[in-house]
Every structure is written in structure tokens, then in C-alpha cells.
Amino acid sequence: MSQTIQHIAQTLKRDIEQNATQGAKTLIDFAKQYAATNKLKHEALILKLSYTKAPEQEQQQIVQTEMLDLVNKIVQDHLNNAQSEATVAQQAAVQKVEQYFAEQNAPKDIVFEANGIHKTYKRSGFSLRDINLQLHLGEIVSVVGENGNGKTTLLNIVAGELLNDNGKLTYPAFEGGKAGNITWYRVKENIAYIPQELPAWGDSLKQMIQFEAAIHGIRGKDNDLEVDYIIQRLGLEEHLNKRWRELSGGFKLRFALAKALVWKPKLLIIDEPLANLDIKTQLIVLKDLRNMASSFRYPMAILLSSQHLHEIESVSDKILFLKQGEVSFYGALDQLGAARQYNTFEFNTDLNTKTLKQRLANLPYQKLYHTGISHVITTDLNINYAQLLQYFLDNDIPLHYFRNISQSVKKLFDL
Amino acid sequence: MDVIQVHIASDEVPEAMKLLLDFVRDFSDDKEDKKEVIVISHSYNRLERQERRGVLNFELADQQRRKLLYQILDFMDDMMDRLSQNLAA
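Chains as they are written, first to last, in this note's numbering: chain W, 1 to 415; chain C, 1 to 89.
It is worth saying that the hints were derived from the structure and are not from the lab.
Just so you know, not all the hints are guaranteed correct.
Unchecked claim - Straight-line distance between alpha carbons at most 25 Å, and here's what the computed SDA-like set of lysine to any residue pairs gives:
| hint | chain 1 | residue 1 | chain 2 | residue 2 |
| --- | --- | --- | --- | --- |
| 1 | C | K31 | W | D222 |
| 2 | W | K25 | C | D11 |
| 3 | W | K39 | C | G54 |
| 4 | C | K34 | W | H239 |
| 5 | W | K25 | C | P14 |
| 6 | W | K39 | C | F58 |
| 7 | W | K287 | C | I40 |
| 8 | W | K32 | C | E12 |
| 9 | W | K13 | C | H7 |
Please read all numbers here as calculations on a predicted model, not as lab measurements.
Required output: the full structure, derived from the provided sequences and hints.
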């Protein structure tokens, strides 16, 4: 074994000398496998980061030398400690904890249930009809649909901001949430609602969050701790001294989220959270929402509406599609298109329509049309995306963009 | 824990910090743990700002960064030890 590790170490040192970037990655694996003490494993990680960040060759060479020294230290450490009692016990303890976490399941209680909800606006005649919906802790449900189809109406009803005309609402996990006997002030203590148009805040951004925490019972030092926590968690520290009007759309939303999340609601409702955000901020916000919903200790149900179909597909557990006030689809993403009769693909190419059709002549497709933004082609179910892509390659059809939307939310819209 | 380390190694320390904050929120009953992670996060953000503005050169920034990263990794080890002791109890 000692000869083997020394042989591996020599190879690793050569790799580091020839290509330190790749060598650094291998060094981390080497440390993980052979270092008995955590300090050396940590050093491998940190040296990789230092090398990545080093702006000049001279600095990179210094880090490279440190990596080579670390290899020697790990070999020595392994030879001295590998089978020591303390090392074996420590490794067993870590494995035990990791296994324990892998087996734990966060609670998935139902926080909201709607049966046969109706709401009619007499003036316009628009009706939201026959809505059935369940929200569970840890779950993100996204409401999608064309403009004016009832998304905001539904969110307002769930948030208790608008009364339904008919149907049953229950908030089983909340005190005062029984159907037919809802005590709204108790139920709303557990619901955070962020509307699409965010109201402007007063002077101090931090004080607004502190106030929100305080009115939900978080006082004194706990208030300081929870507010500092959420500020760090949502990356808001650098902007605390700004006024509301100086914030970008993205940071206004993040401050609104901080205010909503500081007191750990069980149900978060957000109307069009991605509307004013650049793509990078959209991904950050969605990832944060996913992590927050899935919290082990403070899981939350999230109901949101959005027109950003591709982005919300990556985080949603269920989709509710509203069409003219009625539910056209409600279920898990993998159920979308499960009963479809054909596959649908979206793509963009430089070819004009005539040439494209000529090159597609030998492909048994059903329909080909242009939406104004991209081409859409439908095929029998026996033609999957890999086969279609291969056909495009074999028939010299250059692609800028390709997406299989057979089981995408996009298919629900009649494009 | 592995995921946090992967983020650190991939120069995604802000992501690692978020996961650490989530981990402490979910698995620690000790408020001091939360305070410690908040302080580390605050210190790391300040370091990044100083580096971006050119207030710190690479050597100084790297020195402080390493110190903070060791703090994060040692903190994780400490939490894992305590969690395993709680499980055993």
C-alpha cells in the first residue's frame, strides 16, 4: 500500500507540474482518499481555489509549489495515521451522519386545499370556475396561463385577499383554518403574499424587515439574529444603505422576499416573481425558492404565477394551467404530455422555409409551422429527440436552437 | 457537506455559504452556530467587495480568504462531530 500511494503521488506531482488546473482537481480526490486528517483535505480544496483566483503566473507558481508540498504531506499523513483508531472512528461518525440525513424526510403536510372554487367578476363577466388545488409543505406549484385567465385572482383567493363566491377553502395546517369556519387573522399569520406590483418601502430597508419580524413575534436578540440571517442568506448586505427607489427590480424582489421569509411562513404566494428580472437573477431567485421550500426544519409551500415557462419547469413540483378561468391541466411535470398522441420539437435554423421543407422531405412529420419566433415540428411518438437531431445532422440542417417540448408547459399554450 | 466542498473548490463560495446557512438553519439548535455562520458570510462578502474595489492585493486577499475558508470547513467538521454525538446519544 505504501508503495502504491507513493507511485500515485509521483504521478500526481507530474500532473500538477504539467497542468496545475487539472492537477488541483486530482489533488482534492487524492486528499479525500488518502489524507487521514481533515486539515489536509481542506488545504487541497483551498489551494485549488487559490490557484483559480491567482491573477498572474508568478502567484500561480507559488500555489503550484504549495500543491506539490501538500502531496508530500498527505503521503506522510497517510503512512502515519491511516489505520489509527481516531481516524477510523471519525470516518465512521461522518458516514453515520450522512446516512441519517439521507434517510430523513421533511414534513409534507397539506397547508391549503380548495374544492370547487368559483369567483365571478360581474362587470367583466369573467369567472374563475371549479378550481381544485392542494398545496403541501416542501412543494412549489406554479400557476401558468395566458394573460387575463385568472392567475392573480386565484393567488388572491388563496392568500385570503379576495373572497371566493362558491367552493370550499381549507388551511388544515393552520389554526383557524377549518373549512366553513376560517378565522382569517389566524390563517394569515402563516401566509406571506408578494404581489406583482411591489409597494414602495419607507426609509430603512433593514428596519422594514425587522418590523415585519417583530409583528410576527420575533423580538429582541432573536429579531437581530433572524434579520441578519435572512440578509446574508439572500445576499442583501451590500444594498442595505440604499433607498427603495435606488434598488433594481431584482433587488426589490429580494428585499420583499426577505421581509416575507424572515418569520418563516408556511405558505408563500408570489405573483409573477420573475417579471422584471434578468436571466441570472431569475435563476438565483428560483434556486433560493427551491432551497427554502425544501427546508428540513421550516418547509414551506410555494404558490407562484409566471410566464417564464422554461425557468419555472426547473423548480416546480406541479403545474396548474388556467385557460379562460378553468383548470386545463393540474399535476406533476412528468404527467404533462403523458397521454400525448405525438411529439413536438422547437428549433431555429438559418434555412428558409422552402429549403427546410426540401431537406425534411424524407422525415415523416405531421406538422411544420413557424410561431414567429421559432419553428415547431410534430412527429409520431416513435421519433424521439435523438433521432430527430440525427436526421437534422445527416441532412445538413444547421441549428441555432433545439428543444423537445413534448412534455413541456409550453405545449399547453396553443402556439 | 460534499456539495459545499465542491462549490468551494469550483470558486462558487457564495453558493457554498448559502448551503451552509441553510444547513445551520435546519440542523443546529445552537444560536451561536447561526451567529458564527452569519459572521463568516459577512466577512467573506466584505473581502470580495474589497478585492473588487482593488483595496486588497491578491496576496492579502488570498490570505484572508484562506482563513475564512478554513473557518467554514472546520465549522462543518465541528457540526458533523456534534451531530454524530447527538445521534449516538
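Structure-based check of each hint:
no., hint, in the structure
1, C:K31 <-> W:D222, "holds, 9 Å"
2, W:K25 <-> C:D11, "holds, 12 Å"
3, W:K39 <-> C:G54, "violated, 30 Å"
4, C:K34 <-> W:H239, "holds, 22 Å"
5, W:K25 <-> C:P14, "holds, 20 Å"
6, W:K39 <-> C:F58, "holds, 23 Å"
7, W:K287 <-> C:I40, "holds, 22 Å"
8, W:K32 <-> C:E12, "holds, 20 Å"
9, W:K13 <-> C:H7, "holds, 24 Å"
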